[in-house]
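Enquirer: Here is how the chains run, residue by residue.
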Amino acid sequence: MAVHHGRGFAAINYPIGMNLGGDPSQALVHSNPDGKFMVALSSIDLGQGMKSVTRQIAAETLGVPVEDVYVDTADSDTGPHCMGSFASRGTHRVGNAVIQAAQEARAVMLEAAAEELEVNAADLVTDGKGNIHVRGAPSRSITTGQASAAAQFKQGRTVSGRGIFLIPLSEVSPETGEMTPVSCFAHAALIVDLEVDDETGEVRVIEINSAYEVGRALNPKLVEQQLVGGAWMGLSHALYETTEPYYPSREHGPVDFNTYLMPGPGDIAPHNIAVLERPAPDGPYGGKGPGEMCANPVLPAVANAVYDAVGVRIRDLPITPEKVLRGLKENGGARPRASRANRAR
Amino acid sequence: MAKTPIRFSHNREEKAVFVDEGANLLDVLRRSIGDLTPKYGCGQGTCGACTVLVDGAPQLSCLTLAETVDGRAVDTVAGLSDGARLSALQRAFMDNFAAQCGYCTDGMLMSATALLKHNPRPTREEVVEAISGNLCRCTGYEAIINAILDASQGGARRTG
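Residue numbers (this note's numbering), protein chains in the order written: chain A, 1 to 345; chain B, 1001 to 1160.
Do not rely on the hints blindly, as some may be mistaken.
Below, simulated SDA-like cross-link-like pairs (lysine to any residue); rule was C-alpha separation at most 20 Å, straight line [stated by the list, open to error]:
| id | chain 1 | residue 1 | chain 2 | residue 2 |
| --- | --- | --- | --- | --- |
| 1 | A | Lys-221 | B | Asp-1150 |
| 2 | A | Lys-221 | B | Asp-1095 |
| 3 | A | Lys-221 | B | Ala-1073 |
Hint data in this document are derived by calculation from the structure and do not stem from the laboratory.
Use the sequences and the hints to build the structure in full.
Expert: Okay, structure coming up:
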């Protein structure tokens, strides 16, 4: 009886979003007379940073400070339509919709400012601090608040914009089955080091090293947070979580947090992440979407590492001690991969 | 149903309420007192989202009979900050990005507050032990552990 070390590797190509009905999302942007902007979305922020990222994108496009932008995701009944927060699509789909809406609102804001300054709107630039001025003549200036107030109370304009992002539904070729459902891929490569106890079947993850390519990291701290937490969830799916451990039998299914297992704070391993930024041509400011994809490479890497450690190939998740022990029994014991013996530990 | 009058200190303020027989502390805090910081998660003491301090010790308010806190001190996240001035622990949670959806955060803060009060210089293992009754679905715990260590006196967070 012994504890065997194993190392597993996996790399993924992750399509951002999906293509059902073109996978569209809409955004509406408008200003208030005080020059602050509202971005209305139905896209839900469940902690992944949707509001922060769309706020940054709107501020960047409008040319106003980020604190002058408020993102309202309060109600999917009253907001513009969104397909939802899933498939790592939020930053990419909604971000693009926000850019389009913010560009339209910005154009109206500049027209309102041009009328007040008695210049051509094409000659106006924003400084990102709440001021609009004539290119090359910073003293010929008006604040975004003054421009919005003039639009509202003098000119009778709405400083507003509409945006939608849609990738037209891809037809399937009847001859070959080919289609082009997505335009943007994120990537990851991940190595898991773990130990398998051949007496208990338990798997203990020792360390994870990974590289994630997510386009431009629009908010690097949120990207890091998402990658760490998402990889943890991948590990949880690889080793612990299931609602039906003996599917299709419903027996022994968990009913509460005592029986639905997840790794706790004592079960986590160090995870060293390298974020690679390759801006996506069709992404909002190059962003893709580090959502669901951060969990995906962990599962095959863990399965490969278990195979590396004891020679048991497990094809259905999670990799429970019971499955490991049954595999060991079938193989007549642990069969560490030959290459493993040569590796220094 | 008979109502029982109880008095207790809620975040250092005296409160007197009538509670239903068998009412749990979580319901009393949320519905009678109006303190929504303790969260209802599982309702059976396995997730830790409802953690509050009773006489300084972390306790699962969903499993605590309200009547048992009569004459005692109950502390929640609502009492951690001084107005807009956050506690050092709350600031460390922000600085370390230790919250995503935020549902576990109040329970985590209370478990960590109790730890740091009794053990101002915890080891990483002691931090892990202190929050082992609090489930988090988003962060993978690392950021939370680092935040608590940062808020402690000279605690060493994991590097690399």
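Enquirer: Indicate, hint by hint, whether the structure satisfies it.
Expert: Against the structure, the hints come out as follows:
1. For the suggested pair A/Lys-221 and B/Asp-1150, the alpha carbons sit about 17 Å apart, so the restraint of at most 20 Å is met.
2. As the CA atoms of A/Lys-221 and B/Asp-1095 are separated by approximately 10 Å, the hinted pair is consistent with the 20 Å bound.
3. Using a Cα cut-off of 20 Å, the hinted pair A/Lys-221 and B/Ala-1073 is violated, with the two alpha carbons roughly 38 Å apart.
When each numbered hint is compared with the structure, a violation occurs for hint 3 only.
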